[in-house]
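Asks: Using the hints, put the two chains back together into the complex; each one sits in its own frame.
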Amino acid sequence: MSIFVNNETKVVYQGLTGSQGRFYGLRNRAYGTGVVAGTHPKKAGTDVDGIPIFATVAEAVQATGATVSCVFIPAAGVERAVVEAAEGGVELVVVITEGVPAHDEARFYNRLRRDFPATRLLGPNCPGIITPGECNIGITAGEIAKGGGPVGIVSRSGTLTYQALYELKQQDIGVTTCVGIGGDPVPGTTFIDCLAAFEADPATRAVIMIGEIGGAEEEKAADFIAKEMSKPVVAYVAGVTAPPGKKMGHAGAIISGSKATAKAKMEALEAAGVRVGLNPTEAGALMAEVVAGL
Amino acid sequence: MDLFEYQGKQYFARFGIPVSAGGVATTVDEAVARAEKAGYPVVVKAQVQVGGRGKAGGIKLAADGDEVRTHAGNILGMDIKGHVVRRVWVEHASDITREFYASFTLDRGAKLHLGMLSAQGGVEIEQVAAESPDAIARIHVDPVDGLTEDACREWVDAANLDPAARVGTVDILLKLWRCYVEGDADLVEINPLILTPEGRVHALDAKVTLDDNAAFRHPEWDEFRGLEELDDRERLAKEKHLQYIGLDGTVGIIANGAGLAMSTCDVVNQVGGAPANFLDIGGGASAEVMANALEVINTDPKVKSIFINIFGGITRGEEVANGIVQALGRVAIDAPIVIRLDGTNADEGRRILKAHESDSLISLPTMLDAARRAVALAGGAG
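Same order as they appear, the protein sequences are chains A and B.
Last residue of the first sequence: 297 in the working numbering, with the numbers rising by one and none dropped.
Last residue of the second sequence: 1641 in the working numbering, with the numbers rising by one and none dropped.
Next comes chain B alone, as it looks inside the complex (with noise of 0.2 Å):
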């Protein structure tokens, strides 16, 4: 799950993590509220979670009341590549003498935790990789171990920060560790972490992604949920609890596994459509999952031909073919269905799904075949 900016500091402020004084608004009134409590100037930041927010106009400084009105009032329901904004975070301004970047994550390759850190933050830290790899200080933690004070001071050091910044960003990236860890992140990344001119050090963003698996031990991740970015669809899937992802083509997909799902969208592109979404139902296939997972591609408009790619296991073929029969009982569905059931026992699925094949419920046996009949009914590419 990614927080947006302000839910992050709030993480943050758990571990210790100095942030500016601030609120978040979802109303101009609010806005100002929170302006008068933070002290001016103030930043009126969107809340979006997507790149190039200054850019787009949605960071603006504000002096007084009326220009945090004026900001606000633009900022919020502004669209900013493709995201609406409907909180704001508005905060004291702060001085600014540098700005660094410091960040943890996952080191796929080593299998260890890596911290960045760099003197030259406030850009994209893949544009400092890219043009100077120098600038950023590396370190990877053994998640066994964890980060020592020892280290990180090493690692602090070797950034080549200002001397002023060294001891606060100690401090800090040990609270950091500790978010990271304790707080069960896939990632958390200050930029800028910045040095004001009182020599303090303090984070002016926050981006968090938390990872998932590990909410059942975190009760309090409760308030970040319902807020997040997800359109109709793909709140609903949430609900059911199918692993949706929509895209932009005509032919909706449901596939039994992830692998199997990925392939599936694949395929269809391979002969010359577009899929429509990714779906997974997960290893087994009943009628019950079924009908959720036809409930939600049908509500896409976009969606001109259903492909089902289920691979019997466990599950045999005529349970899965019954399960879709059943399923397509309880759903209305607009768009014709292409079916391809493989694996245990297909041929009694097939057998089951032939006694029940019309214009709209076809059966075809291999995956290529049946991405090729709901690539036509769903009018071709595009």
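Pulled out of the complex, with its shape left as it was, chain A reads as follows (with noise of 0.2 Å):
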């Protein structure tokens, strides 16, 4: 079991043709991932490596039966992508790309809540998602993940969300899914959303999240974990040394207030009853004793 993705997902990929598309696209094929079309407007009936190519997500889904679509197109198409996924009647979008505008984000964000409430967004600005052996979206390198569970994994960055996925591995833990929000302000999946859906995923008997300063969504989910949540909870929060007002990187990762720093999000945690790690390397420690224990 796992959540969101599984190997009988299909998935199109949307900016299969261009370079950043057509690398991870095969290599997520590569991997066993069901990538079953790639759309372009204009280059209707071609192919990428016997990937057939679509005009449109409407026309992908229809031919293929892809419920899934994956976003590699550059930040100032993506608002257009988005909405095209949305009306093509995929179930989850997963936007990869970075330096998405905050008022497009803000925008399509909400057009989807409003008028597509069985879409699900990922990203933008997030490394995908991954149910090891089974289904890879996006950019995580599938090697550093061992499947199988029963942790599950929800982090807003990238590396350190490899990082986790390497931790586990290395304490020979096997993972369900692996989702990364994303760091961006306005984040298509919060940890809420995937809190919940391993809570309800009976392969899942554990989870890591991996936060970061800004906004307040580590707190939200303290609050989840405590009043929902019946499974073990491990947190790992960077950026404790973060000064106030400087963007980390990630366009969500600013401190601006007395909130938003990594204590006090470290803070809400432990007091919801989660175990958190001082780095990742002990959050995966924690995890090992979590996991002996269940």
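In short, the hints are calculated from the structure, not lab data.
Keep in mind that this is a model prediction, so the values were computed, not measured.
Glycine included, every Cβ here is placed at the ideal spot set by N, Cα and C.
Hints are not guaranteed to be accurate.
[As the list claims (entries may be wrong)] A few chain B residues that don't get close to chain A, going by computed Cβ distances all over 10 Å:
| no. | residue |
| --- | --- |
| 1 | A1292 |
| 2 | D1338 |
| 3 | R1367 |
| 4 | D1401 |
| 5 | G1427 |
| 6 | L1620 |
[Claimed, not checked] The calculated lysine-lysine pairs, modelled on DSS-like cross-linking and capped at a C-alpha distance of 25 Å, are:
| no. | chain 1 | residue 1 | chain 2 | residue 2 |
| --- | --- | --- | --- | --- |
| 7 | B | K1497 | A | K266 |
| 8 | B | K1340 | A | K250 |
| 9 | B | K1499 | B | K1561 |
| 10 | A | K262 | B | K1466 |
| 11 | A | K262 | B | K1370 |
| 12 | B | K1370 | A | K249 |
| 13 | A | K250 | B | K1497 |
| 14 | B | K1370 | B | K1340 |
| 15 | B | K1314 | B | K1466 |
| 16 | B | K1319 | A | K249 |
| 17 | B | K1561 | A | K250 |
| 18 | B | K1497 | B | K1561 |
| 19 | B | K1319 | B | K1466 |
[Stated by the list, open to error] Across the chosen pairs, the derived CB separations fall in these ranges:
| no. | chain 1 | residue 1 | chain 2 | residue 2 | range |
| --- | --- | --- | --- | --- | --- |
| 20 | B | G1368 | A | G80 | 24 to 30 Å |
| 21 | A | M4 | B | D1490 | 29 to 35 Å |
| 22 | B | K1499 | A | K46 | 47 to 53 Å |
| 23 | B | T1468 | A | Q174 | 41 to 47 Å |
| 24 | A | E292 | B | T1407 | 54 to 60 Å |
| 25 | B | A1614 | A | N9 | 39 to 45 Å |
Replies: Put into structure tokens, the structure is as follows:
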């Protein structure tokens, strides 16, 4: 079992004909992902290494039964691409592209929330989602992940997601699904969405959550964990030493005001019964203890 | 990108938001010329991106040319909380009946835009929010619909401004909304927004933060660049497209990915050291990018050791290791380097590094061990 994607998932890649889209689309296929189509408004009828290209997501969905779209479109075209995917009828849109303008992001998030409530958005600016051994959508290196569960991962940071997968693999702990929600100010999928899905997934028996400075999503997640979750959660929050007012790489990683600091987030999580590691390795070790006690 | 007040006012003016007549000056003579044009009395305002200019003596009223000369002379070159004043904005002084506050920004919790309007302007809005939250009228605006005139009018009514200010405020807020959305700003703030004795409403200050991600559709932003308050090292990093933020410590940090870079700073701190910087070289770790990063760190005299923390994902360990070795061949580094390489093919990468190991190039397998060594090489804490 897993959340959001599995070995039956069929994916259409918007931007498959571009250099990034092609590189990762073919890598994902080599991993075993059901990469069934690509789109390009002017290249319908052609193919990328045997993967058929359609003019629109709607046509790709109709022809292939794809239920997920992965967006590798340059930032300027992401808003249009996301709406096209939702109109095409996919259940999940994974936006890998970084550097999407905040106003575009706010607009397409709300457009989906209102007009396409059945479509889940993941990202933008995220590494994607992987159910190890079954389906890898995005830019995660699949070989660093061990499949099978019992741990679910949700993370705001790309490289720390890889770090978490790797730490667990070193401890010989398997992962059900690993979701990178991305570090942008308006993430389509939140910690709470993933925590709720992991809580409902019988194969997931514990969850690692990796947060960072900025916003209040970790605090909200802490509240959710305290009230709604029966499964143990281990967390790490990056940015204890980050100075206020500076963007630490991610648009969302900025301390504004007295909240949003790593310390405040760690305290909120601990108060909710979450075991918090002071670094990724420590979080991995804490998870090993949790898994041993399951 | 944060704009200076004068740039913000120029940006406001593009959207028809009324601001005082004035001009920017970098010399005393220029300031006098701007004042003559704006008409006395004038206000001479230091252009720095830091709060508390007034208290620091960076904002002065001048009745004539001699006074402009005196004040501009004092303010230019002044150090306000570490920011050296290089420009002053000289504008016609306004008579003020009332001061209000207005802003738009993204409410990340609600995932909607948030407008704030208050009859208590001229002070920090955080202070108003803490002391009398009811004094702020808030409006959530759906990004799909935008701010309608009716909604704007209701919002202004809710703020209990002076009746004489209402029509003018509605007009300005609709223009400010356009500036926020079409101008791709993360924040637009007018504090104070003033009502004059003649019943006019206009922006006496301007705080604008532009969304760097939208720069591709705003060629007009080029004029704002090059004037940002960056030190030489930050400027060099920016030219090399590296995410660099200077900190106060002695351990130089290079990592791939923002989260890992932040985490690396944290671990250094945790083992008793202090990071000299945050530096994210992005997903890969090619020789060129690594050489650029080392070059930036090498210009920092505070740095006593360098901690390179790379997690190889798609970029394999041996490629990363070769990149580091090549980079070291290109840049002569003063401080000792500790490398932690992990991830895909980490063992092969470490073998390559081992062949080049010396007292000033040490490879350690874990983040904590590497951090401890880097901190020890930097002479411990501080």
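Asks: Now tell me, hint by hint, if it's right for this structure.
Replies: Hints versus structure:
Against chain A, the non-interface label of A1292 (chain B) holds: every CB pair exceeds 10 Å, the least being about 35 Å. Residue placement check: D1338 (chain B) keeps its beta carbon more than 10 Å from all beta carbons of chain A (closest about 19 Å). Non-interface status of R1367 (chain B) relative to chain A is broken: a Cβ of that chain comes within 10 Å, the nearest being about 5 Å off. With a closest Cβ-Cβ approach of about 6 Å to chain A, D1401 (chain B) is found to fall inside the 10 Å limit, against its non-interface label.
The Cβ of G1427 (chain B) sits about 26 Å from the closest Cβ of chain A, beyond the 10 Å cut-off, so the non-interface label holds. Every CB of chain A is more than 10 Å from the CB of L1620 (chain B) (nearest about 23 Å), matching its label as outside the interface. A distance of roughly 29 Å separates the Cα atoms of K1497 (chain B) and K266 (chain A); the hinted pair therefore is violated under the 25 Å criterion. With a CA separation close to 20 Å, the supplied pair K1340 (chain B) and K250 (chain A) stays within the 25 Å bound.
With a C-alpha separation of about 21 Å, the suggested pair K1499 (chain B) and K1561 (chain B) falls inside the 25 Å cut-off, and the hint holds. For the suggested pair K262 (chain A) and K1466 (chain B), the alpha carbons sit about 22 Å apart, so the restraint of at most 25 Å is met. Between the alpha carbons of K262 (chain A) and K1370 (chain B) the distance comes to roughly 18 Å, so the proposed pair stays at or under 25 Å and holds. In summary, the hint linking K1370 (chain B) to K249 (chain A) is supported, as the alpha carbons are separated by about 21 Å, within the 25 Å threshold.
Restraint check for K250 (chain A) and K1497 (chain B): the C-alpha separation of about 14 Å stays at or below 25 Å, so the hint holds. Restraint check for K1370 (chain B) and K1340 (chain B): not satisfied, since their Cα atoms lie roughly 34 Å apart, outside the 25 Å limit. Our distance criterion of 25 Å between C-alpha atoms is met by K1314 (chain B) and K1466 (chain B), whose separation comes to about 18 Å. Proposed proximity of K1319 (chain B) and K249 (chain A) is contradicted: the alpha carbons are some 30 Å apart, above 25 Å.
Between K1561 (chain B) and K250 (chain A) the alpha-carbon distance is near 22 Å, which keeps this suggested pair within the 25 Å criterion. This hinted pair checks out: K1497 (chain B) and K1561 (chain B) have alpha carbons roughly 20 Å apart, not beyond 25 Å. For the suggested pair K1319 (chain B) and K1466 (chain B), the alpha carbons sit about 19 Å apart, so the restraint of at most 25 Å is met. At roughly 28 Å, the beta-carbon separation of G1368 (chain B) and G80 (chain A) lies within the given 24 to 30 Å, and the hint holds.
Range check, M4 (chain A) to D1490 (chain B): Cβ separation about 52 Å, and the 29 to 35 Å hint is violated. Range check, K1499 (chain B) to K46 (chain A): about 35 Å between beta-carbon atoms, so the 47 to 53 Å window is missed. The hinted range of 41 to 47 Å is satisfied by T1468 (chain B) and Q174 (chain A), whose Cβ atoms lie roughly 43 Å apart. For the pair E292 (chain A) and T1407 (chain B), the supplied restraint of 54 to 60 Å holds, since their beta-carbon distance comes to about 55 Å.
In this structure, A1614 (chain B) and N9 (chain A) meet the distance hint of 39 to 45 Å, their C-beta atoms being roughly 44 Å apart.
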